[in-house]
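> The task is to assemble the complex, starting from two chains supplied on their own in separate frames and drawing on the hints.
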Amino acid sequence: MSLTELRPASHRPAPPPKNVRTRSWLHRFDNKTAPYIFISPFFILFGIFGVFPLIFNGVVAVRNWRLDDPTLTGWAGLDNFNRLLSDEDFWNALGNTFGIFILSTVPQLLIALVIANLLNRKLRGNTFWRIGILLPYLTPVVASTLVFAIFFARDNGMANWFLSLVGFGQETPLDWRAQKWSAWIAIATMVNWKWIGYNALLYLSAMQAIPRDVYEAAAVDGAGPWRQLWRITVPMIQPVVVFTVILSTIGGLQLFNEPMMFDENPQSASGGSAHQFQTIAQLIYKVGWKDLDLGYAAAMSWALFLIILIVAGINTLLTRRIGGDR
Amino acid sequence: MTKTYVNRAPQDTRGSWLTYVGLSLVLLFSAFPVYWMFVISTSTDEAVAQIPPSVLPGGEFWTNANEVFTLNEVFFAASLINSVIVSSVITLSTLFFCSLAGFAFAKLRFRGRNALLVVVVLTLTVPSQLGIVALYIVMGKLGWNGSLLAVIAPGLVSAFGVFYMRQFIAHAVPDELVESARIDGALNLRVYWNIVLPAIRPALAVLGLLTFVMAWNDFQWPLIQLNGTDFPTSMVALSDLASGNYVIYRRVLAGAFIATVPLIVLLLIGGRQIVRGIMEGAVKS
Chain A
1 MSLTELRPAS HRPAPPPKNV RTRSWLHRFD NKTAPYIFIS PFFILFGIFG
51 VFPLIFNGVV AVRNWRLDDP TLTGWAGLDN FNRLLSDEDF WNALGNTFGI
101 FILSTVPQLL IALVIANLLN RKLRGNTFWR IGILLPYLTP VVASTLVFAI
151 FFARDNGMAN WFLSLVGFGQ ETPLDWRAQK WSAWIAIATM VNWKWIGYNA
201 LLYLSAMQAI PRDVYEAAAV DGAGPWRQLW RITVPMIQPV VVFTVILSTI
251 GGLQLFNEPM MFDENPQSAS GGSAHQFQTI AQLIYKVGWK DLDLGYAAAM
301 SWALFLIILI VAGINTLLTR RIGGDR
Chain B
1 MTKTYVNRAP QDTRGSWLTY VGLSLVLLFS AFPVYWMFVI STSTDEAVAQ
51 IPPSVLPGGE FWTNANEVFT LNEVFFAASL INSVIVSSVI TLSTLFFCSL
101 AGFAFAKLRF RGRNALLVVV VLTLTVPSQL GIVALYIVMG KLGWNGSLLA
151 VIAPGLVSAF GVFYMRQFIA HAVPDELVES ARIDGALNLR VYWNIVLPAI
201 RPALAVLGLL TFVMAWNDFQ WPLIQLNGTD FPTSMVALSD LASGNYVIYR
251 RVLAGAFIAT VPLIVLLLIG GRQIVRGIME GAVKS
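Protein sequence lines, in the order shown, are assigned to chains A and B.
Okay, so the first sequence: first residue is 1 according to UniProt numbering, each after it adds one.
Okay, so the second sequence: first residue is 1 according to UniProt numbering, each after it adds one.
Rather than coming from a laboratory, the hints here were simulated on the basis of the structure.
Accuracy of the hints is not assured; some may be wrong.
To be verified - Computed beta-carbon distance windows for the label pairs: (1) A:Ser40 <-> B:Leu122: 17 to 25 Å; (2) A:Trp161 <-> B:Val21: 50 to 58 Å; (3) B:Gly140 <-> A:Glu264: 51 to 59 Å; (4) B:Ala170 <-> A:Val166: 50 to 58 Å; (5) A:Ala217 <-> B:Leu56: 26 to 34 Å; (6) B:Phe29 <-> A:Phe81: 40 to 48 Å; (7) B:Thr63 <-> A:Val166: 31 to 39 Å; (8) B:Phe29 <-> A:Asp213: 51 to 59 Å.
Said to hold, decoys possible - As a list, the in silico DSBU-like pairs of lysine-lysine whose alpha-carbon atoms are at most 35 Å apart: (9) B:Lys141 <-> A:Lys122; (10) B:Lys141 <-> A:Lys180; (11) A:Lys180 <-> A:Lys32; (12) A:Lys286 <-> A:Lys180.
Don't be surprised by glycine CBs; every beta carbon is placed ideally from N, CA and C.
Just chain B, same shape as in the assembly (with noise of 0.2 Å):
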């Protein structure tokens, strides 16, 4: 027993029962307050309240998605919609711009090409959100402030993005192909068009995956923006739907968890790639 790990790299163990328990205890952990979230939005109030707490789902689903679509203090509809807006511009300017860019600094060659690349790299490791004071003055200036203008254009680039298409294709597109399509007399942007970008694809699915969930998720800077307007994000109209002095949890959590179940679904469609990604090195901005 003792000596069965010797001349074995971790790798090459196969995993016991024991690693299968110690990895189904970790999965529960890390499932259980998604489903929870949904046990409670089935529930009735008496349910909610039930000691030992009530771990399978009622039937109230619908009555409780039902009354946070319709409360009138809170635009719950209308806030979803945003979040689809917001978080879709946001990936799609990302996805265009960071590829763009990224393209420029692996195959082409231009004066200063090495010092911009290190300014980009510069601006990763800066933590942006420490700026919100002075964003939230530029945005006032630009006359933005609590639109959804505001909220998008923080997001429309990424420097993490820049780097890392810049990696990805300056791997996955051979410098061959560049030049036989110059000499075949294509533009710049042709070659981007007709050749990057089928050669990236896995790259843009991980980078858009990592950028829609971020914009999804953030909440302090489109609290800032759209508090109390008529059109906030998801993120924000839960913050308001849990404020005040008497919250009906079973509904909030209704919201909660239509709010994630668009994740849920990003997750089960590309968490192959979003593993992918984050093992890559792909790192929160």
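Only chain A is shown next, with the shape it has when bound in the complex (with noise of 0.2 Å):
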């Protein structure tokens, strides 16, 4: 196959074509204009369904968008915005919002560096034991959430069997739904179980570029296999940290699908029969899709984002301490 060969520079000149022109024009388009066919799909599509709506969620959030009265449009100012300030289901999704996902998170990613360091030994079938934790990661939540509210319920759980087991609520059984923190707490176990395995991922393919040379100098100076893990390879990856930090901020402050496939009715999106674990996402299609008030959730959505880019700030910023200054 003569297009993957490799030439001399002196068999450069190509043999005399026929049509000497249309191929020079040919090759001087191919050349200036294919780039930008070559990249068009990509800024087009995404331009439209990704980036405009984004841009364009601002001006439907100072707008009212009413889905049930098409007449009503026109300039809301920031009627939407007063409107959530004083908007309890808002402060309350955005606690349970907040409180799910520092229960999920922390443990998360402490969690996972375990495992990573279990990983990054020598051990046999390693691919085996990579492929199995990443299970929980390609099951759809919106099944593994079907589990977990059956492992969760009331009567004839398994969460409550074991409870009882040790002693626990055999006279009253535990109610997970009903209260905000066993809900979140079901809820948490339900991210935690998708997320470890990925995140451990992501920590151990860091830590296998740690130099070894660093860990002999630290055994001469006596940091055991525990202080080794806290003050040499959680340093070392410290990016990946942050990376996992932001990523999980991210995603955890979006949560949807866990608290919507926990509820006894997925498709009333109320988080609860008080809104105990509504989340804030939820809110959003809730005030979007049921009460039909796209411009009070798009201001609902441009609140979110604002929180998330404070939150991932602030966590940054910590992380970077913990991980560099000790």
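The structure is reproduced here in structure tokens:
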């Protein structure tokens, strides 16, 4: 196949083609324009369906935009945002989102770190272990949450059965969905289950790049495995730690599937009888497509966007400090 | 005993039996919900309600599966076909457009290349889920709301895909190869097709697997678009099955298990590639 052969420079002049003119025009076109044609599908599609809606969302947020009343359009100014400030549902959802976010992110990343440390050894069948811990990442949340919903059921649920074995709640089984704290724990468990393996793999890949003499030096100084993990491994994989913190912030604050499917009636998007576990993403869905108030929903997603930016920023600073300066 | 770790980097430490016990527990924790999904999908109503819970599969899988497929309120078979269509189209399109753009960014010289690449990287950080309200309005203007088209369109390309392909092509395809093909008179499209595509097959496999999984599991956007229509995706159909006052769990879980099987098959076939893709920094979009 001549296309793939490397040729010495002396062979460069091509054999005279029949149609020199068309050819050279074609090649000029190919050099100048083809690159833009190659990248244009991405920019066009991503522009229309990715970037534009995000900007347009800002416009929708300052307008009245109701699906059930198309005539009610026009400038709303900051009305939607003002309404947000005094909306109890919003603050409740914000609290729930943060509660679940903290209960899921912190254990998730710590356990992932420990698992990555286990995987970062000479193991028999190491591909097997890695593929195994990825099973949750591939399992649809909609499907796995249904299993967890049964696991955390009040009557006949496996979680309550375990609790009863160790002597808790034999008379009155715990209704996991009824209270904030228990519903948050149940939902955080599902989130942790899904993402621990994924994060462990990210940490593992960073750990494998750490040169071994660093550990040798530490061992000479008398640092045991646990100290090595905290004083060497964690600081040295710090960029990846920051990265996973940002990722789980973005993901955690947009949590939607787990609280939806944990509900006894998923389609209601209410997050429990008294909104005990309604998250902001869920509330946006409810306001937009159940209450049909798109303008207000857009304002909410802008607020969420800002919150994510702030929290991600704070988290990055904290992670840098913890990982770097010790 | 306390000295065993001296002069050893963790990579050199042989896993002790404790490591294996720890990893086995992790694996049990990972696999149990999926296994239990299967157990319930094979059980009778009594077995589901039993205390202590039964952890062995029963023999009712075909009965339960049959019930899911013959339900009139939920078009489960059609929803599975829709999921296959949506995920396949999104995967093929992402692979084609992202590798094409990745090739241009990696190997071709054009004005504004670096600036445009910066734009791609910046859009990586944008959580586009926050634009869904406006996206819904855009789809409305196009007249696509409630159709599969509206579900597919936003997934046709991904910034991550372009970036991933650019990185891979820059390393995997030698400049000389591209140059010599051009000197032979090949047009860029031909270079892409005959040289670049065969060289990046591993990267295509990784991106393809990850994209397919993400598209298959997507829930929020398909729910907004297809809720209450006669042609949902399987995830929307599952949430339908789980709604209502009296939910029959063995039936819902049979559906959930059936909708999970394609991904388990993918994990068995391409597990190695998926692991490698994630460890090379493959990131959910």
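> Please go over all the hints and tell whether each is borne out by the structure.
Here is how each hint holds up against the structure:
1. A:Ser40 <-> B:Leu122: 17 to 25 Å: holds, 18 Å
2. A:Trp161 <-> B:Val21: 50 to 58 Å: violated, 24 Å
3. B:Gly140 <-> A:Glu264: 51 to 59 Å: Violated, since Gly140 (chain B) and Glu264 (chain A) (Cβ atoms, about 31 Å apart) do not stay within the stated range.
4. B:Ala170 <-> A:Val166: 50 to 58 Å: At 56 Å between Cβs, range holds.
5. A:Ala217 <-> B:Leu56: 26 to 34 Å: Once the Cβ atoms are compared, 53 Å apart, the range 26 to 34 Å for Leu56 (chain B) and Ala217 (chain A) is violated.
6. B:Phe29 <-> A:Phe81: 40 to 48 Å: holds, 43 Å
7. B:Thr63 <-> A:Val166: 31 to 39 Å: holds, 36 Å
8. B:Phe29 <-> A:Asp213: 51 to 59 Å: With a Cβ separation near 35 Å, Phe29 (chain B) and Asp213 (chain A) fall outside 51 to 59 Å, so the hint is violated.
9. B:Lys141 <-> A:Lys122: violated, 57 Å
10. B:Lys141 <-> A:Lys180: violated, 40 Å
11. A:Lys180 <-> A:Lys32: violated, 61 Å
12. A:Lys286 <-> A:Lys180: Holds, at about 20 Å.
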